[in-house]
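Chain by chain, the residues run as shown.
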Amino acid sequence: MPSRYWKSLNERDRPHDREDHATRLDAEPDGASRRDFLRLAGFSVAGVVASSCSRAPIRHAIPYVAQPDGVVPGRARWYATTCGGCAAGCGLRVKERDGRPIKVEGCPDHPLSAGGVCAVGQAALLSVYDRARFRAPQLRGVASTWAVVDADMRSRLDTIRRGGGGVRVLTSTVHSPSARGAIGRFLDTLPDAAHVEYDEISASAILDAHLVTHGVRALPRHLFERADVIVGVDADFLGPWISPVEFTAGYARRRRQASGPLAWHAQVESRVSLTGGKADLRISMAPDEADALVFDVADIIENGRAGSGAAGMLAERLLAARGRSLVVAGSGDLAMQIRCNRINQALGNYGSTLDLGRPSQQRRGDDRAVARLLQDVRDQRIAALLVSRANPVFDLPGGDVLTTVPLLVSFAERPDETSAAAHVVCPDHSAFEAWGDSEAVAGVASLTQPTVRPLGHTRAFIESLSMWAGAPAPAYELVRRTWRETIFPRQTAVPDFDRFWDATLEAGHAAVSAATTAGAFVPATPNSNRPPAVPDAVHLVLYHKPAMPAGEHSYNPLLHELPDPVTKIVWDNYASIGPGLAAARQITTGDVVRIDTGGQSLELPALVQPGQHDRVVAVALGYGGAMTERFKTIGHHWFQSRPTVGENGRIGANAVRFVRVDDGRRGTTASGVTLTRTGRTHALACTQDHHTLTVPARLAPAGGERWPIVQDIAASDLASSEPGPVESPANLWPEDHPATGHRWGMVIDLHACTGCSACVVGCQIENNVPIAGKDEVRRNREMHWLRLDRYFSEDADGQHMASQPMLCQHCAHAPCETVCPTLATLHSEEGLNQQVYNRCVGTRYCMNNCPYKTRRFNWFEYSRDPGTEHLILNPDVAVRSRGVMEKCTFCVQRIQDAKIEARRLGVPVKDGDVQTACQQSCPAQAITFGDMNDPTSRVAVAARDRRGYTVLEALNVRPSVTYLKVVRQSSVAVAESEHDG
Amino acid sequence: MNQRITAIVLATAVVLATAVLAARSGVVHLPSNQQDYEPEQPIAFSHRLHVGDLRMACLYCHPNAERSRVAGVPATAICMNCHRFVTAPLGAVRDEEQRAAKAGQTPRLVVSSELRKLFDAMGLDERLQSSPGTPPRPIVWTRVHNLPDYVAFDHRPHVAAGVTCQTCHGPVETMERVRQTSDLSMGWCVNCHRAANRTGIGGRAVRASIDCSTCHY
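Quick mapping for you: the protein sequence lines, in order, are chains P and H. Quick note: the first sequence, position 59, residue 59 per my numbering, numbers continuous. Quick note: the second sequence, position 180, residue 180 per my numbering, numbers continuous.
Just chain H, with the same shape it has in the complex:
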């Protein structure tokens, strides 16, 4: 009888240990761990192109990271600051210009298929004119980084302390589609806070609290 109980306890321990090890090694994710989540978005926006190649600053599109708890997804009007003029890849525009020059016509407006979705959301027609019949409507993006319930994260102190965006969001400048590179677990947060208290951020000493009520209230 005792042997049987010992066997059951041991078997349970082995199963649990395997599960924990598998989860730790990244082979299997526990239900709450969304690491490597890379959902499809309504518009195939490329961070690699905008941040990696064009070297745009993160805060140009996500300025709220500095002044609000949420960095937020940029308002569609921010995209239009550039895409009012940039409607397609340069190559496609040049091709059309050459074709038009050959045919002796004025070049047509070239709009790429992904940017068409943006212009549709803004309620713009083929000639990028707004019309009262098609009011602009917001784009419904899919959230990539979701924190668990009962935790309050605030971007402001992290940006103020000089934590780079990549520290938590990974090499976004290389991503065609945004992927969650960290597991966003509490251990991951607290380890970083402890390390920051030991070594500082960018050579500056910081105080990163590890009190529960820093995040949980």
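Just chain P, with the same shape it has in the complex:
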């Protein structure tokens, strides 16, 4: 029995609404003659011919004076580098065309990211071309020069050296060996100086817990691909938690594999996260209940006590997979993290699924050090504070006090709350302009190399520090020196440093020995107090969205326009409320509610989120920053347009005021919250119900059964199911239609897909897809060629989520092609559904006739917003103008390039030569693309999988995209099979 999937509460609870929609589709056409209208309209075309008789404008060709070696104008070059989007340190390849980086892709052989790159990493490329960046250093808010700033800084630091007073460097996690060295050398020149790190998504409690349980303050590397049983407790590890691409790659590797035991994943969570949606068993619990549950699990596993209920079941599963299991918690509570460590230790997971010998450096932040810093500032013991890659005034609770420091230096790339209060702003390069390095996981050393000349008079952070430390050197020299002295000796494979450097620069990364000591387990006193449950209290849960993991990205319109993978809302943050709580308080989606924790309050629009626990209100952090004020003018302005920003002039509201600080650690939950309706409403832009796929009854096959859009299969039925999609015998193409040459096709594995939305941003940047703005999205006018449809389903294992990447299906019987009056969309010899922009006159018939709703219409000149952001445009893809239909092309520019290169070299196109942008970026490698006419190609093999099906198969439009069914492991079935085995 396949699960029933629904997109929204409306659809679940009032299925007749959906029937109405279907009934409308079922109605026979009323006989109005479109053809008659066309016949008449055709005459009017004649009058348009003889206008605009000007000659084409004169265009120039400006060659190099001397063409540099290896540079060929019009040909892309690829540079290996390291992502600077967050601290995960994924490997990148940056595509550079004619001197500017235009696309970011994952580095396929990188030991952490394994070829994937997340939405944030790809969108971060826009940071280079951001027009609001600082172009020059600033002294007390006025643009200045580096010479003046350096003189000023030197004299101020000399005063501090003589007069005393603390100096602190406050940063987010720094795992760059060069930057750590530069900070250290700078601090050594000052009497009372220290480096303080903190992370906006803090893992401080995990590090502190390991100090207690293992004697080292370190974050173990989580190896999800080795785990047969994963229990996550409010840890969104497929979302923004620690290292999303690395974890998704490991997690999905187990889900894609054809043989071997299926991994089983249980997620205990209060809100609805991406990770919880993928779990085989999802347990919805308020944070206090989850604390008690982990206590019980620890108690059962450590003390061998018999358990019952959820705790007993989880413990039984974990014990059955000793050494092959993993328990992770996202909590900021030290006691909880210590319990987790003790469970993992008792299960023997250290050394297998948790690696403390080569620990992760992706989170180094120490919340207690930050708390001490804030106290020192309050006590006026700090004379100077240097802030790099952090915005503490915005994202630290009580961070306002930092503006009182006598000398506040900001290294921000663009104006933010901290730089606004800073006395000196020394703008840093963007990650694509600077030399740098990182060691995200001990032993994985990688380099960052510039791919474009700095666009403004910016300077690398490490250059500024070395200048003030009295030993000025360019960043390249600093990085090279660090590598010669500290990284190169840690390997023996290459004896010559220059060769080692060149090889690392080419590959982007190098494996070296880990210079750390694994901690030994210290049997600390177990925390014997079972955490008390607060039965009726409503909890506030603060989280970060996968697409907006930190406030530092809130300048980025690509990420604001990217629908949240779970709620599908764009351009806002909101208070998510479970359906039960919403019904009790009579709150509906869009009502503005006031959240009050006693000391603090905030007004936000409400969103009723199915699956969320009824004692929980969830609010995303990272919104409401000063950087979002720029979006006042985004989008097309016409008489009915409404602004993208809210009433406060910004995107969303900043909920950092609710972050609780206990014992110096930041906690993201609060209990005892009151929720009141304000009576006002706020329109949220949600893409979820925009595109509903259904088959009209009169077109459905005999029996009238409508086949589900998302299909799943029980793990126990896998072996016995029929292979591949079944094609109807009715074929529009003649029998003798040649099947030579290529026929491009795609296979998408819905079981591997997590919904992370990296593909959406990859497609958007590759194909010059414009940003429409909130108001246009509200009017169903989002422009993404590739969208992720999110469906929920419920069974005994809780609520599941399925994300279905939906793009042009390049149907062999394409319904759009037959209705185009100008033949602007038609079929190619290679099975592509082509869209010819020059021919399109914008009738939008194709859009109406597309059963998959994947066509996008340019209602306005979305792309004509002038600014340096245009430099990111891909010169190989046309920029569409107003009145033109567009849609996924299967990245035809990449297909053409691969074919042309193969022809130039006189070789055939090999399987894997063409990778679409979505396929390349997918961290889960859920997308396969290639030639279906080659029976040995990976895509043809994948399409014959037992799980294969095509969406809306009943229509017999013969799509070129095959989906692989979601595999459902019923917890009961797994338990039985384990007993059998």
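Think of the hints as simulated: they come from the structure by calculation, not from any bench. Heads up, none of these hints are tricks.
Below, a list of computed lysine to aspartate or glutamate pairs in the EDC-like style, where the Cα atoms sit at most 16 Å apart: (1) H/117 - H/40; (2) P/899 - H/66; (3) P/899 - H/211; (4) P/899 - H/154.
Since the structure of chain P is provided, determine the placement of chain H on it from the hints.
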């Protein structure tokens, strides 16, 4: 009334037919047709001299045609490969040598007026020495062959298939100043692709796709 409508329709048809015929015959160009465009260039570079008389290969100066979508205008440094030594027509150099021999002087460096522009762009002084005060700057040529928007042309497959440069660019070896000899219209492209599929190129069978997405994406 009906007669009047018929007359208007007929008159429109006649005007349109005349316009189309005139455009087809090459007497008048429609706005988008730049055939016979022959703009003046910043330096009077002669393809007739270099390709026609001196028999230089096209790919010597335009090597990117083989490996990039754009053939490109050569970097100024490519010109200097020869013009470091060739600074004026041979006759002018001989005259100066004779004059100097008569006067018993060392001959002066003769630089023709057009090559002076090249040396200026390279930042070279009268004695062809570079000086830090005059950095080289690129020459701003005027593009002759401009394709319409929304079309992606790539040189690589054409060169690889053995299409000669002259097939599209005309007899460049006879041109003092480069002129656009083809109309670069879609019909012109597609007709050539169809013909190539029928007859092959240089006796070799080829597959020249006429799919829209070959050029439009």
